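Got chain C; can you put chain V on it based on the hints?
For the protein sequence lines, the chains are C and V, in the order given.
Heads up, the first sequence is in my numbering, so the first residue is 498 and it goes up one at a time.
Heads up, the second sequence is in my numbering, so the first residue is 1149 and it goes up one at a time.
Note that these hints are calculated values from the structure, not bench results.
None of these values were measured; they are calculated from a predicted model.
A virtual CB, placed ideally from N, CA and C, is assigned to each residue, including glycine.
Be aware that one or more of the hints could be misleading.
[As the list claims (entries may be wrong)] To spell it out: a stretch of chain C is covered by chain V in this simulated footprint if at least three of its residues, at any positions, have a beta carbon under 8 Å from a beta carbon of chain V; those stretches are:
#	region
1	511-517
2	606-615
3	714-724
4	769-783
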Amino acid sequence: MRRSTPYLLVAPFFLLFLAFGAFPLLFTLWMALHDWELGSGTRRWVGLGNFRYLATDADFWHAVVNTAGIFALSTVPQLLAALVLADLLDRRLRGAAALRVALAAPLVTATAAVALVFTQLFDSDHGLVNGLLGLVGVPPVDWQGGRLASWTALAAMVDWRWTGNNALIYLAALQAVPRELYEAAALDGASPARRFWTITVPLLRPTIVFTAVVSTVGGLQLFTEPTLFGAAGAHRMDGGAQHQFQTVTMYLFESAFGQDRYGYGAAVAWALFLLIVTFALLNALVLRRRTGGAR
Amino acid sequence: MTARRAGPLTRIALAVALLLTAAPVYWMVVVASRTSAEAADVPPPLLPGGHFAENVRRLFANPDAHFARGLLNSVLVSGCVALGTVLLGSLAGFAFAKLRFRGRDALLLTVLATMMVPVQTGVVPLYLIMLRLHWQDGLQAVTVPFLVTGFGVFLMRQAARDVPDALIEAARVDGCTTLGVYRHVVLPVLRPAAGVLGLLTFAQTWNDFLWPLVVLSPDDPTVQLSLNNLATAYYNDYALMFAGASVAVLPPLALFAVLGPRIVRAVLSGAVKG
Chain C
498 MRRSTPYLLV APFFLLFLAF GAFPLLFTLW MALHDWELGS GTRRWVGLGN
548 FRYLATDADF WHAVVNTAGI FALSTVPQLL AALVLADLLD RRLRGAAALR
598 VALAAPLVTA TAAVALVFTQ LFDSDHGLVN GLLGLVGVPP VDWQGGRLAS
648 WTALAAMVDW RWTGNNALIY LAALQAVPRE LYEAAALDGA SPARRFWTIT
698 VPLLRPTIVF TAVVSTVGGL QLFTEPTLFG AAGAHRMDGG AQHQFQTVTM
748 YLFESAFGQD RYGYGAAVAW ALFLLIVTFA LLNALVLRRR TGGAR
Chain V
1149 MTARRAGPLT RIALAVALLL TAAPVYWMVV VASRTSAEAA DVPPPLLPGG
1199 HFAENVRRLF ANPDAHFARG LLNSVLVSGC VALGTVLLGS LAGFAFAKLR
1249 FRGRDALLLT VLATMMVPVQ TGVVPLYLIM LRLHWQDGLQ AVTVPFLVTG
1299 FGVFLMRQAA RDVPDALIEA ARVDGCTTLG VYRHVVLPVL RPAAGVLGLL
1349 TFAQTWNDFL WPLVVLSPDD PTVQLSLNNL ATAYYNDYAL MFAGASVAVL
1399 PPLALFAVLG PRIVRAVLSG AVKG
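With the rest of the complex left out, here is chain V:
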């Protein structure tokens, strides 16, 4: 099997795709490091300027954005949701892949079915539930309901199937409990897939917008709501907004820079869909 060689046309087309992908992010950095007036210059500035630190200072000092608070909240919420999803997803995934119990296949099908439910359908009563629990305006409202997903369970179950049964048998003979098997035999095998799941969940939670907008208050926001605060009140101050956008995209992108190659390999091997 020999792969086709990439000709000059292919290279040009791929370069264009890369350029289109990078351009908006590059433009964000250019504007974030200049003054707002420069963003509208003709011809437009093409290189980053020297105002980034000043814009970031204005960002954190802005009374309406609550940016520092938003950043901290997002780190807490996304971290908890990612950890919860990996932990609860891997426990359930292990059970579905390696333990025999009555109703297993039907339950697994249910897990798959939940992945197809559009989340927004339940958003109105979910808000009433939060009111009833007195969770509105609190971080638990954007954390607890999302601590594990069908996608997480399924992904972990696919990965746990790679654990050799003989290894599990041997651990049991040595006196391991089921949780012991999970910790000492299954978890090490799951680690790469768990990293992928953790990052994807972190990024998804970090980037979530609709539900935080419904249930949180603008002065105790997530970082996306901080951006929203800026966009409503300071929509002409592009340097300020873009500085906010630059900071807001950084944590998931930085994680992606580290784990990205592994994720792409997982997608290409068919382990992750969508």
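Excised from the complex, chain C in its bound form:
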């Protein structure tokens, strides 16, 4: 074997990553220190000006709250449901293999297509969701107009995609848990719910932390669902007339590509990056504590 061969084999990855991954990441920081417009060709050094503006930009913080709100509304029920689902799937059952495949299928179903369907389902006037709520006497909800209501509709789209997939990841971890633990607990008279909280959850802790971090990285970049949810509006990147469901990434998109404020868009991108890192670390820390030893 020639000495250079291994390096040649791994080179394509590193070259592509350097050119289209690492370099843009660093260059974002450089751009964020400028007033950078493509239309006029402006490229003026402003130091931390963009970040100072960002710190007091009410629209940006509004988008941060929206993003965090949708993230919390989707992730907490999603991971809980996935845990329960994994626990249910970890049993002897005919057709289990096919069931698992069906529950994983949303992952490969186009987000844009699903967003179109859910947008119609959550239509205030003709949507099935309001129709079903009407059957149990709930008055129609303005899913687009309300802040919390629109977050809920978006959370439903996110959860439809990810719950089954996370359940399979939990199931993989669960299958490594010795059955004797459950049998012993059952003999000791522990109820199924108690076994779930005292055996399943603590043993799955590392996996729960992993999925929470992955959900954070993905959830805080939410873009496709809210963009299509607001596609009927005049200014779709606004995320509703009152920006009630505009996410940080939509704001980034609008600042850079919509308003030709590329420097500011870059600053928003870095703020989003920091937000993701902070949230991911926080979630990991909190979960490590919360799901700790047996109760």
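Frame of chain C, contents of chain V only:
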């Protein structure tokens, strides 16, 4: 080790989960095969109707959707990215798993670290790079930057570790070059994992939305951008949009129907995370 038996409550709960998963897709097909007015009927239609072919015809004839073009572009782009990721990922994965070279462990750690970088952070300068290369509005802009990922390299490296060293030694004694070893010894072992990686990459590229929206033009779109064109201009024509959605979800789902069981098994054995 005996697994717990599934009781009636478990069965009901799993049936509900399955129903919730299938319902939106089923509803998509129902509306796609009816007229737009019927989608708003009270009570709603519960079975598919007879207008699917007509809606699909309208879809491909629609002047704003550029649907046929979008479909073709998506097949080309997703196919190239999937092939590239499998090829380049398996070559690098083989090197990381089976060849000894200086700096290997540090480089592998770097690969892992790149998997945690949120892609959107670089999207603004990436667009400027595309302008500089004159790649905007061209398919290379949504293909070349994604021809191999850290995830692909890592997944292939995990799978390549299963190749017995003795087999590689034997091939070398028989005069195989390193590339010969890759082709005749490693690649056959990698095939199942490569199938998983290929499908996941294909689906991910097929479903990508933000970056194509940034860099491509609406009249030479990917299929997701075609849907986007419909959603902006025809948001009241549900039958048309849902026909588009039905066609747009089909290729990855069809592949998944074939390869899904293998993928789920790979996830359950801990080979794939996230």
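key: Broken hints, by number   = none
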